[in-house]
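Next come the chains, spelled out residue by residue.
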Amino acid sequence: MSLLEIKDLTIHFQTEDGDVKAVNGISFAVEQGKTLGLVGETGAGKTTTALGILRLVPEPGKILSGSITYKDQDILKMSEKDVQDLRGNEISMIFQDPMTALNPVMTVGDQIAEVILRHQECTKAEAQQRMLEMLGKVGISSDRAGDYPHQFSGGMKQRIIIAIALACNPKLLLADEPTTALDVTIQAQVMRMVNELKKEFGTSMVLITHDLGIVAESCDAVAIMYAGEIVEYGSLEDIFDHTAHPYTKGLFGSIPRLDLDTERLQPIQGLMPDPINLPSGCPFHPRCPYSARECMEQNPAHVEVTPGHLVKCLHCDSISQEVTAS
Amino acid sequence: MTPIVQVEHLCKYFKTPRGQLHAVEDLSFAIQEKTTLGVVGESGCGKSTLGRVIMGLHESTAGTLLLEGQDVTRPTKAQKKAMRKDIQMIFQDPYSSLDPRMCVSDLIAEPMKALKLCDKDERELRVAELMDTVGLSRRFAFSYPHELDGGRRQRIGIARALSVDPKFIVCDEPVSALDVSIQAQILNLLQDLQDQRGLTYMFITHNLSVVKHISHSILVMYLGCEVEMCDSKELFRQPLHPYTKGLLSAIPIPSIHVQREEIIMKGEVTSPINPKPGCRFASRCPYAKDKCRESLPEVEEVLPGHYAACHYVREINGLT
Numbered sequence: 001m002s003l004l005e006i007k008d009l010t011i012h013f014q015t016e017d018g019d020v021k022a023v024n025g026i027s028f029a030v031e032q033g034k035t036l037g038l039v040g041e042t043g044a045g046k047t048t049t050a051l052g053i054l055r056l057v058p059e060p061g062k063i064l065s066g067s068i069t070y071k072d073q074d075i076l077k078m079s080e081k082d083v084q085d086l087r088g089n090e091i092s093m094i095f096q097d098p099m100t101a102l103n104p105v106m107t108v109g110d111q112i113a114e115v116i117l118r119h120q121e122c123t124k125a126e127a128q129q130r131m132l133e134m135l136g137k138v139g140i141s142s143d144r145a146g147d148y149p150h151q152f153s154g155g156m157k158q159r160i161i162i163a164i165a166l167a168c169n170p171k172l173l174l175a176d177e178p179t180t181a182l183d184v185t186i187q188a189q190v191m192r193m194v195n196e197l198k199k200e201f202g203t204s205m206v207l208i209t210h211d212l213g214i215v216a217e218s219c220d221a222v223a224i225m226y227a228g229e230i231v232e233y234g235s236l237e238d239i240f241d242h243t244a245h246p247y248t249k250g251l252f253g254s255i256p257r258l259d260l261d262t263e264r265l266q267p268i269q270g271l272m273p274d275p276i277n278l279p280s281g282c283p284f285h286p287r288c289p290y291s292a293r294e295c296m297e298q299n300p301a302h303v304e305v306t307p308g309h310l311v312k313c314l315h316c317d318s319i320s321q322e323v324t325a326s
Numbered sequence: 001m002t003p004i005v006q007v008e009h010l011c012k013y014f015k016t017p018r019g020q021l022h023a024v025e026d027l028s029f030a031i032q033e034k035t036t037l038g039v040v041g042e043s044g045c046g047k048s049t050l051g052r053v054i055m056g057l058h059e060s061t062a063g064t065l066l067l068e069g070q071d072v073t074r075p076t077k078a079q080k081k082a083m084r085k086d087i088q089m090i091f092q093d094p095y096s097s098l099d100p101r102m103c104v105s106d107l108i109a110e111p112m113k114a115l116k117l118c119d120k121d122e123r124e125l126r127v128a129e130l131m132d133t134v135g136l137s138r139r140f141a142f143s144y145p146h147e148l149d150g151g152r153r154q155r156i157g158i159a160r161a162l163s164v165d166p167k168f169i170v171c172d173e174p175v176s177a178l179d180v181s182i183q184a185q186i187l188n189l190l191q192d193l194q195d196q197r198g199l200t201y202m203f204i205t206h207n208l209s210v211v212k213h214i215s216h217s218i219l220v221m222y223l224g225c226e227v228e229m230c231d232s233k234e235l236f237r238q239p240l241h242p243y244t245k246g247l248l249s250a251i252p253i254p255s256i257h258v259q260r261e262e263i264i265m266k267g268e269v270t271s272p273i274n275p276k277p278g279c280r281f282a283s284r285c286p287y288a289k290d291k292c293r294e295s296l297p298e299v300e301e302v303l304p305g306h307y308a309a310c311h312y313v314r315e316i317n318g319l320t
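Protein chains in written order, with my numbering: chain G, 1 to 326; chain C, 1 to 320.
Don't read these hints as lab results, they were simulated from the structure. What you are looking at is a predicted structure, and each value in this text was computed from that prediction instead of being measured. Yeah, the Cβ is synthetic: ideal placement off N, Cα and C, and Gly gets one too. Accuracy of the hints is not assured; some may be wrong.
Below 20 Å or equal to it, Euclidean Cα-Cα: the simulated SDA-like pairs (lysine to any residue) are [said to hold, decoys possible]:
{"no.": "1", "chain 1": "C", "residue 1": "Lys266", "chain 2": "G", "residue 2": "Leu197"}
{"no.": "2", "chain 1": "C", "residue 1": "Lys116", "chain 2": "C", "residue 2": "Gln79"}
{"no.": "3", "chain 1": "C", "residue 1": "Lys266", "chain 2": "G", "residue 2": "Ala181"}
{"no.": "4", "chain 1": "C", "residue 1": "Lys245", "chain 2": "C", "residue 2": "Gln259"}
{"no.": "5", "chain 1": "C", "residue 1": "Lys77", "chain 2": "C", "residue 2": "Phe91"}
{"no.": "6", "chain 1": "C", "residue 1": "Lys81", "chain 2": "C", "residue 2": "Lys116"}
{"no.": "7", "chain 1": "C", "residue 1": "Lys266", "chain 2": "G", "residue 2": "Arg144"}
{"no.": "8", "chain 1": "G", "residue 1": "Lys137", "chain 2": "C", "residue 2": "Gly267"}
{"no.": "9", "chain 1": "C", "residue 1": "Lys266", "chain 2": "G", "residue 2": "Gly154"}
{"no.": "10", "chain 1": "C", "residue 1": "Lys233", "chain 2": "G", "residue 2": "Leu260"}
{"no.": "11", "chain 1": "C", "residue 1": "Lys266", "chain 2": "G", "residue 2": "Met193"}
{"no.": "12", "chain 1": "G", "residue 1": "Lys199", "chain 2": "C", "residue 2": "Glu129"}
{"no.": "13", "chain 1": "C", "residue 1": "Lys233", "chain 2": "G", "residue 2": "Thr262"}
{"no.": "14", "chain 1": "C", "residue 1": "Lys245", "chain 2": "C", "residue 2": "Glu129"}
{"no.": "15", "chain 1": "G", "residue 1": "Lys34", "chain 2": "C", "residue 2": "Ile256"}
{"no.": "16", "chain 1": "C", "residue 1": "Lys120", "chain 2": "C", "residue 2": "Arg138"}
{"no.": "17", "chain 1": "C", "residue 1": "Lys266", "chain 2": "G", "residue 2": "Thr262"}
{"no.": "18", "chain 1": "C", "residue 1": "Lys167", "chain 2": "C", "residue 2": "Glu129"}
{"no.": "19", "chain 1": "G", "residue 1": "Lys198", "chain 2": "C", "residue 2": "Ile264"}
{"no.": "20", "chain 1": "C", "residue 1": "Lys266", "chain 2": "G", "residue 2": "Lys34"}
If you want a taste of the chain C side facing chain G, the calculated C-beta under 10 Å gives, among others [unchecked claim]:
{"no.": "21", "residue": "Met1"}
{"no.": "22", "residue": "Pro3"}
{"no.": "23", "residue": "Ile182"}
{"no.": "24", "residue": "Ala250"}
Bound-form chain G, shown alone (with noise of 0.2 Å):
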């Protein structure tokens, strides 16, 4: 059974512009202990889909239609203060930004503490214990428990927000681009942190992430996400060695390599689709190759081309042998 099972999840904003269309009937699940990644570039719907998973969709966002079952619950149908319990106790998220995600007028030590005497029953001494623990496990010295936020550096307040996230022993973690703010060296320390802890407290993880290179080392499965849809879903190594959507297939010859010697990207060609006007058909034909007359009129539906590996596009049989081949 899966911890977290997301079906046919439709996400809106009704805007005074129209109705810009985030998440468009998407279907995951998370295993228990697993990590899945959630991989796309600006707008392709993944924050909104992760504060979906939260009921957090900013006005005016609405979930439209759909099913988010954890543990057997679905969360769409939970009253506000189950889901306020879920919060932050069962299911967790870090944020990208962490210069804004933490309150700048509490020392860090208050804002860990906060959250477990919100979710566990304890007195506020147990409450002070375990937040020096957390503050351990993230590598920052306890007299730094009465600091404020802009007296440590961006690396630091990632790890302050992952004690934050991890405090009430969380059994799903969302994390929302945890490195993208931060350098190199300190995103490898950050990430090799989050996976022991993970290991440690057996959490499981949605990482949503641009960076395939984070995926091949963090994650076990992964959805490739494009204008609201997940296009290609399937294990690290249906994704990597056997890619068959036309944009996975874009997103790696887009990305300059460190392993290999390549003398021109192959870029995609043009730009995401306005989420207010979505082209006909497949939402990615207008910039794909091996788009024909079909892909304008109808959108494909997902095909599953090996056991688990699904793949939303119409060609997809002749782009994996292509892959494949090469």
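Guided by the hints, dock chain C onto chain G, whose structure is given.
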């Protein structure tokens, strides 16, 4: 051949309330015509300040700056004007480096107007040409920056830089704010322009994969100092300095078959204000000894064309 840009012992310090900030410390290098020098380092290593000093936006504290053999460390008014035509810059953030109240064609024409390069009709012709060159559809000529996405805005930035036909362009993180698919389009464009126009680039970035792809030679900086410099391929084949080794090993590789050797560097970058004597990297270096904390290592040619600044570079790499 005279290099386009040559700097010798360049220093740039800033006065701050807490003391002197050593942004650029004793840098020397040369950039040959039609090549790209990549400058890499983490935030706060002084790479942008270096770009700005070369652009003439900051005055250097010490050292000399030569452009095509001419000393422009303290430029005269006439030299400054010539520099503006010969050196241009592409900025990191296409969202804040364009005037929001000017339309695309005015933005591209502005540098030509400022330098009084050609008359109005010719300017209009040039703007249309430039838009084709950088791949901006002419229907955007009267659009404003807020109507365009990041990739197109960066193309405006490139067109502006090209408009005065410069010889040398300082690119300060030109693709960092862009998504990977757009990033690849811009990198290809910059490479094509170099081939077609014989441009010379200084490419400042924190992204080692990007710098490997676009540069001929690479300068690695740490807290204002040169750490290592050599040919691009050589640097990735055989990094000599412990910082470069750590930096390279910190980058996750998008393949499930490559196992990278992980050297996790402990600690974080220290402050460049009133730096302690000794090697700037000593506090994070796994090989640091007493000597490293006492004296700043000089840059030396360890292998032919391969420079590094480390007291123990030979011991670490098993070289004699």
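Structure-based check of all given hints:
1. Lys266/C to Leu197/G: 18 Å, holds
2. Lys116/C to Gln79/C: 16 Å, holds
3. Lys266/C to Ala181/G: 19 Å, holds
4. Lys245/C to Gln259/C: Measuring from Cα to Cα gives roughly 15 Å; hence the hint holds.
5. Lys77/C to Phe91/C: 24 Å, violated
6. Lys81/C to Lys116/C: The hint holds at about 11 Å.
7. Lys266/C to Arg144/G: Answer holds: lysine 266/C to arginine 144/G is near 18 Å, not above 20 Å.
8. Lys137/G to Gly267/C: Holds: lysine 137/G and glycine 267/C sit about 15 Å apart, inside 20 Å.
9. Lys266/C to Gly154/G: Between lysine 266/C and glycine 154/G the Cα gap is close to 15 Å, so the pair holds against 20 Å.
10. Lys233/C to Leu260/G: 11 Å, holds
11. Lys266/C to Met193/G: Holds, because 12 Å separates the two Cα atoms, which is no more than 20 Å.
12. Lys199/G to Glu129/C: 57 Å, violated
13. Lys233/C to Thr262/G: 12 Å, holds
14. Lys245/C to Glu129/C: 44 Å, violated
15. Lys34/G to Ile256/C: Given that 20 Å is the threshold and the Cα spacing comes to 17 Å, the pair holds.
16. Lys120/C to Arg138/C: 18 Å, holds
17. Lys266/C to Thr262/G: 32 Å, violated
18. Lys167/C to Glu129/C: 18 Å, holds
19. Lys198/G to Ile264/C: Given that 20 Å is the threshold and the Cα spacing comes to 19 Å, the pair holds.
20. Lys266/C to Lys34/G: With a Cα-Cα distance of about 28 Å, the restraint between lysine 266/C and lysine 34/G is violated, given a limit of 20 Å.
21. Met1: 25 Å, violated
22. Pro3: 25 Å, violated
23. Ile182: 7 Å, holds
24. Ala250: Since the shortest Cβ distance to chain G is 4 Å, the answer is holds.
Figure legend: structure checked against the earlier numbered hints; hints not met, in rising order: 5, 12, 14, 17, 20, 21 and 22.
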